[in-house]
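Student: Assemble the whole structure, with the sequences as input and the hints as a guide.
Number of protein chains: 2
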Amino acid sequence: MFSDIWIQEKNDEGFALGFKVKETLFSGKSEFQTVDIVDTYSHGKVLLNDGLVMLSERDEFAYHDMITHVPLFTHPNPKNVLVIGGGDGGTAREVLRHESVEKCVMVEIDKMVVDSCIEYIPMTSQVLKGHPKLELRIEDGLKYVSETTEKFDVIIVDSTDPIGPATPLFGEAFYKDIHKILVDDGIVVSQGESPYYNADVQKSLLSVLNSTFENSYIYNFSNLTYPGGLWSFTFASKSLHPYNGLETQKVKNSKLNFKYYNTDIHRSAFSLPSFMKENLEGLIKN
Amino acid sequence: MFSDIWIQEKNDEGFALGFKVKETLFSGKSEFQTVDIVDTYSHGKVLLNDGLVMLSERDEFAYHDMITHVPLFTHPNPKNVLVIGGGDGGTAREVLRHESVEKCVMVEIDKMVVDSCIEYIPMTSQVLKGHPKLELRIEDGLKYVSETTEKFDVIIVDSTDPIGPATPLFGEAFYKDIHKILVDDGIVVSQGESPYYNADVQKSLLSVLNSTFENSYIYNFSNLTYPGGLWSFTFASKSLHPYNGLETQKVKNSKLNFKYYNTDIHRSAFSLPSFMKENLEGLIKN
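Going line by line, the protein sequences match chains P and R. At position 105 of the first sequence the residue is numbered 1564 (this note's numbering), and the sequence of numbers has no breaks. At position 234 of the second sequence the residue is numbered 1693 (this note's numbering), and the sequence of numbers has no breaks.
Fair warning: there could be bad hints in the mix.
When chains are identical, the list treats them as one kind, so a pair holds in a single copy or across two.
Unchecked claim - The list that follows gives simulated cross-link-like pairs (lysine-lysine, BS3-like), each with its CA atoms no further than 27 Å apart: (1) Lys1469 <-> Lys1479; (2) Lys1718 <-> Lys1662; (3) Lys1736 <-> Lys1711; (4) Lys1714 <-> Lys1744; (5) Lys1602 <-> Lys1538; (6) Lys1488 <-> Lys1711; (7) Lys1479 <-> Lys1639; (8) Lys1736 <-> Lys1709; (9) Lys1481 <-> Lys1711.
Treat the hints as calculated values from the structure; they're not laboratory data. On a predicted model such as this, the values are computed, not experimentally measured, just so you know.
Tutor: Here you go:
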């Protein structure tokens, strides 16, 4: 169909995204998944795990702004942050822009993702080369959360889809451990899949969160390079509402600039199309 | 690349969307554009003009809800509505659900789009077969707005992209005529392209609106089948703010149900990512 070199992401239903490739920079197979990094004409460098687009240089700011700054500006004083997954480094990069953060622990299971991103996608991974506040651990996040004695203000689950290594990151045992290592005003935000293509995953993840946490919500943003564009993050907490107390002044005072995030977008992200409300009825507080 | 039959929409930059095809239902070439209707595995029937996806049965509700109900619930009492374009019928269908509407004039330039949709996509086009409040005119919308002596409460410009027949629908002469035929509390909402892929078109369209109307805004929604997913409509008025005075009760009283639209989504749609605010600085009141 395509007459020159393209990569494509096909979903089971018969929908595909294609990117014209300038050059394949890296192709490997770790014990967990395949890892490819290609340079594209339209979206800069693109990381794929098991053939699915994880990020592009063109729009990674949207994903990383929304997974990070929503919980970090909601929490009154986030000092200890845990990132599970996020091997490309973009989430850790955004976490470490917050002055209040004293320590960011990042637990990524796949060394090949970290190493290849450090080599080929410095835009997101620069921080992984070494940062005084970053503790980078190459290990199973599931094991880490079940064993650690540390406590966190914010936990970000920046996982791949619930196939392969990330499957348990959508389950109840994992979130019970997360609940244990969160402080009383702690927040956990997780990659929440597509409202159109993964409505069943959203429902099951929210069921887990709703039965484990006092408050569970879901919020949306737009990602250029994910199927359908509309994508979600879940937000669960023991006590905090996702934007009560959020002040524009607080964001201004941070002196941080964002290409996607702002306080209006933060609040609006929790407004859901009717079909999502219906799918998640009784499970969310939006 | 694709081993079986797919249709694809490629943009100039090297990005493509693909849909696996069950069956091609219609392929024609009018004096304005090519018109294709295919049945797909993932998205039901899909209409393409000049090879670009106009709608799919799976997600047309998002587009038609947001282009129609935002202006119709903002206006206090919309009686006369004009639709320019919208040959598939989905916008007229949604307009005619509002009890206050006494007359909907729909002006579509391309008879082939109307006829093929009536034949193959009844989901959107049923209403075009005949409705007591609908006046369907097959003619040039540009000519119609320059000559008509009627006045409208709401005008919806449901156009294709600014290539081919729709190009003048993004220009100043057209919007000066629109201004003339709108009542004092009138609203015009227009298909506003992609913030990522058509940032320059958005800027030029908003420049036109900003110089012609007292208030100009832009709002977003998510479309599964458009490149990148994030898509915009523009909103311009002589006096009305896009959601001052909007009440949940008003929408409830309408007894209409929507798969996408609700009052939260209506308000939130006007919250823009920072990169859009920057691109459109000085041209919008969002």
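Student: Hint by hint, note whether the structure agrees.
Tutor: Evaluation of the provided hints:
| no. | hint | in the structure |
| --- | --- | --- |
| 1 | Lys1469 <-> Lys1479 | both (15 Å within a copy, 10 Å between copies) |
| 2 | Lys1718 <-> Lys1662 | between (30 Å within a copy, 17 Å between copies) |
| 3 | Lys1736 <-> Lys1711 | between (32 Å within a copy, 16 Å between copies) |
| 4 | Lys1714 <-> Lys1744 | between (31 Å within a copy, 24 Å between copies) |
| 5 | Lys1602 <-> Lys1538 | within (23 Å within a copy, 63 Å between copies) |
| 6 | Lys1488 <-> Lys1711 | neither (44 Å within a copy, 54 Å between copies) |
| 7 | Lys1479 <-> Lys1639 | neither (45 Å within a copy, 46 Å between copies) |
| 8 | Lys1736 <-> Lys1709 | between (30 Å within a copy, 20 Å between copies) |
| 9 | Lys1481 <-> Lys1711 | neither (40 Å within a copy, 52 Å between copies) |
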